[in-house]
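*Asks:* Read off the chains here:
Protein chains: 2
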Amino acid sequence: MKSDVKNNAIGIFDSGVGGLTVLHSIVSRLPYENTVYVGDTARVPYGTKSARTVTQYAIGIGEFLSHIPVKALVVACNTASAFALDALRGRFDLPIVGMIDPAARRAVAASKNGRIGVIGTVGTVKSGAYGRAIKHISPDVEVLAHACPLFVPLAEEGWLSNDIARLSAQKYLEPMKRHGVDTVILGCTHYPLLKEVISEVLGEGVTLVDSGDEAALDLEGLLVDRGLHRKGGGASHRFYVTDTPDRFVEVGESFLGGRLSDVSHVDIP
Amino acid sequence: MKSDVKNNAIGIFDSGVGGLTVLHSIVSRLPYENTVYVGDTARVPYGTKSARTVTQYAIGIGEFLSHIPVKALVVACNTASAFALDALRGRFDLPIVGMIDPAARRAVAASKNGRIGVIGTVGTVKSGAYGRAIKHISPDVEVLAHACPLFVPLAEEGWLSNDIARLSAQKYLEPMKRHGVDTVILGCTHYPLLKEVISEVLGEGVTLVDSGDEAALDLEGLLVDRGLHRKGGGASHRFYVTDTPDRFVEVGESFLGGRLSDVSHVDIP
Chain F
1 MKSDVKNNAI GIFDSGVGGL TVLHSIVSRL PYENTVYVGD TARVPYGTKS
51 ARTVTQYAIG IGEFLSHIPV KALVVACNTA SAFALDALRG RFDLPIVGMI
101 DPAARRAVAA SKNGRIGVIG TVGTVKSGAY GRAIKHISPD VEVLAHACPL
151 FVPLAEEGWL SNDIARLSAQ KYLEPMKRHG VDTVILGCTH YPLLKEVISE
201 VLGEGVTLVD SGDEAALDLE GLLVDRGLHR KGGGASHRFY VTDTPDRFVE
251 VGESFLGGRL SDVSHVDIP
Chain S
270 MKSDVKNNAI GIFDSGVGGL TVLHSIVSRL PYENTVYVGD TARVPYGTKS
320 ARTVTQYAIG IGEFLSHIPV KALVVACNTA SAFALDALRG RFDLPIVGMI
370 DPAARRAVAA SKNGRIGVIG TVGTVKSGAY GRAIKHISPD VEVLAHACPL
420 FVPLAEEGWL SNDIARLSAQ KYLEPMKRHG VDTVILGCTH YPLLKEVISE
470 VLGEGVTLVD SGDEAALDLE GLLVDRGLHR KGGGASHRFY VTDTPDRFVE
520 VGESFLGGRL SDVSHVDIP
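So the protein lines, in turn, are chains F and S.
Mapping the first sequence onto this note's numbering, position 259 (from 1) lands on 259, and the numbers just tick up by one.
Count along the second sequence from 1, add 269, and you get the number used in this note's numbering.
Hint data in this document are derived by calculation from the structure and do not stem from the laboratory.
For every residue, glycine included, the Cβ atom is placed at its ideal position computed from N, Cα and C.
Incorrect hints may appear among the rest.
Unchecked claim - Okay, derived cross-link-like pairs now, EDC-like style, lysine to aspartate or glutamate, Cα gap no bigger than 16 Å in a straight line:
1. F:Lys126 with S:Asp432
2. S:Lys395 with F:Glu250
3. F:Lys171 with S:Glu426
4. S:Lys440 with F:Glu250
5. S:Lys395 with F:Asp246
6. S:Lys446 with S:Asp409
7. F:Lys112 with F:Glu157
8. S:Lys440 with F:Asp246
9. F:Lys126 with S:Glu411
10. F:Lys171 with S:Asp432
To be verified - Some residues of chain S that are not near chain F, with every Cβ distance over 12 Å (derived):
11. Val296
12. Val313
13. Pro314
14. Lys318
15. Ala341
16. Ala378
17. Lys395
18. Asp409
19. Lys440
20. Thr513
21. Glu519
22. Leu529
Claimed, not checked - Computed footprint of chain F on chain S, listed as stretches where at least three residues anywhere in the stretch have a Cβ under 8 Å from a Cβ of chain F:
23. 416-423
24. 429-439
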């Protein structure tokens with residue numbers, strides 16, 4: 001019975017292609033796990049939408065994934081993690097990993113001067129979720145959060161290191177740098193593609209925390225603890241999108257860092 | 270009876286705040302008309318979504334507006350006009366104005382060398398709707414279409430004339446300029462906010478066609494023809510959004526060029 005559950009996939013979802021960077025982190029760390037990814041491309045982006053709307057979408061996707069079934073759920077979207085994690089945990093009897101807490105813990109551990117920057121979508125920043133998670137661990141840490149709306153289209157255009165990317169990073173990050181943060185959380189799954197230019201602007205002394213890498217680490221811990229860790233065999237990776245697959249495939253491969261096959265359409269209410 | 274219909278509002282809808290530039294054009298041209306605006310902010314943007322999905326959303330909004338009732342419908346979104354206009358015309362017995370045809374006619378009239386550029390979202394450009402509309406009027410015209418995904422967040426950030434806006438405009442528009450277009454259609458309702466920087470890059474010899482201005486002119490013609498034109502009295506302007514109103518109000522006022530009041534939430538299936 002237990003061995004059957006081990007073979008169940010890990011369910012991962014995001015509003016679109018961004019969560020593929022998280023899937024990349026998960027597959028790198030846990031190469032034998034089967035995965036099912038849902039990209040809610042008919043309703044992307046979540047970053048400018050309200051808590052109520054995003055929670056409703058997340059629960060719909062959770063229902064779909066839990067019926068596949070899956071053995072764990074990864075909310076590979078910072079906005080959905082900020083808004084909907086409690087509602088998901090109340091509804092589904094599954095190990096659930098979000099983006100916020102793992103990255104917050106890593107940032108607190110990494111910061112030497114107690115000044116942490118958080119960058120993300122308007123929704124994630126407005127939610128204040130990273131600030132709360134960080135202060136829950138270490139109340140004296142100072143948190144500076146800033147939304148960077150141009151980073152998502154820059155990543156999707158593949159403009160990762162041109163003048164426009166550099167100037168946008170400067171405009172968004174200079175105030176944070178001047179304030180002396182020594183650690184910055186990449187609080188949006190699109191941002192790892194811009195890691196180089198972000199790091200260049202912030203300078204070598206600043207540690208970048210990738211929320212996807214930290215979530216993958218957390219997921220590994222949960223699976224090992226519960227005896228659900230799959231340690232060998234071939235792994236399958238399936239993808240569902242709520243809009244037509246064409247653009248998801250076109251843009252998504254640079255996010256995944258690999259070929260996207262087995263992508264189907266699904267309607268989720 | 271006819272006078273009652275005259276007092277009915279004009280229904281205008283868009284995926285979000287962009288259509289407020291069209292509303293601005295309509296109110297400038299038709300100051301005595303009542304209006305009801307729907308911004309589908311829970312599902313914005315339409316620009317990266319498929320024809321099927323956008324058509325389904327547009328019909329839902331058409332149902333909502335036709336029950337208010339309204340005396341005419343303006344699809345103040347280029348993507349929805351490109352994808353859903355025929356479906357809307359088949360379904361609703363109302364004068365319906367889209368963004369594509371009025372701008373296409375104006376561009377053909379304005380161009381002297383028969384080279385017309387079209388800029389818009391990925392969805393609008395991929396649909397090829399402007400090219401078809403232009404070639405339907407004048408088959409020999411050469412049409413160059415290009416998507417400019419950064420323009421929407423630039424407009425929403427209010428970065429209308431800084432280095433980032435200028436460099437993005439150069440990167441998107443230089444190939445079109447080199448090709449010698451003498452007329453460019455602003456085929457996305459966000460783009461009029463960036464008119465200055467677009468014009469600066471393209472140069473003085475290039476005519477910009479604002480799809481909202483042309484749609485307002487078309488709407489006036491339709492209302493006058495059918496005796497539905499309201500010629501005096503105070504006008505009311507109501508707004509509905511499918512997500513919570515806060516961000517719509519925050520970002521929308523620069524698009525409307527005025528105060529946004531009377532904004533309510535509505536659920537549209």
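*Asks:* Taking the hints in turn, state whether each one holds.
*Replies:* Hints and how they fare:
{"no.": "1", "hint": "F:Lys126 with S:Asp432", "verdict": "violated (27 Å)"}
{"no.": "2", "hint": "S:Lys395 with F:Glu250", "verdict": "holds (13 Å)"}
{"no.": "3", "hint": "F:Lys171 with S:Glu426", "verdict": "holds (12 Å)"}
{"no.": "4", "hint": "S:Lys440 with F:Glu250", "verdict": "violated (21 Å)"}
{"no.": "5", "hint": "S:Lys395 with F:Asp246", "verdict": "holds (12 Å)"}
{"no.": "6", "hint": "S:Lys446 with S:Asp409", "verdict": "violated (19 Å)"}
{"no.": "7", "hint": "F:Lys112 with F:Glu157", "verdict": "violated (35 Å)"}
{"no.": "8", "hint": "S:Lys440 with F:Asp246", "verdict": "violated (25 Å)"}
{"no.": "9", "hint": "F:Lys126 with S:Glu411", "verdict": "violated (46 Å)"}
{"no.": "10", "hint": "F:Lys171 with S:Asp432", "verdict": "holds (10 Å)"}
{"no.": "11", "hint": "Val296", "verdict": "holds (25 Å)"}
{"no.": "12", "hint": "Val313", "verdict": "violated (7 Å)"}
{"no.": "13", "hint": "Pro314", "verdict": "violated (8 Å)"}
{"no.": "14", "hint": "Lys318", "verdict": "violated (5 Å)"}
{"no.": "15", "hint": "Ala341", "verdict": "holds (29 Å)"}
{"no.": "16", "hint": "Ala378", "verdict": "holds (33 Å)"}
{"no.": "17", "hint": "Lys395", "verdict": "violated (9 Å)"}
{"no.": "18", "hint": "Asp409", "verdict": "holds (31 Å)"}
{"no.": "19", "hint": "Lys440", "verdict": "violated (7 Å)"}
{"no.": "20", "hint": "Thr513", "verdict": "violated (4 Å)"}
{"no.": "21", "hint": "Glu519", "verdict": "violated (10 Å)"}
{"no.": "22", "hint": "Leu529", "verdict": "holds (16 Å)"}
{"no.": "23", "hint": "416-423", "verdict": "holds (count 5)"}
{"no.": "24", "hint": "429-439", "verdict": "holds (count 5)"}
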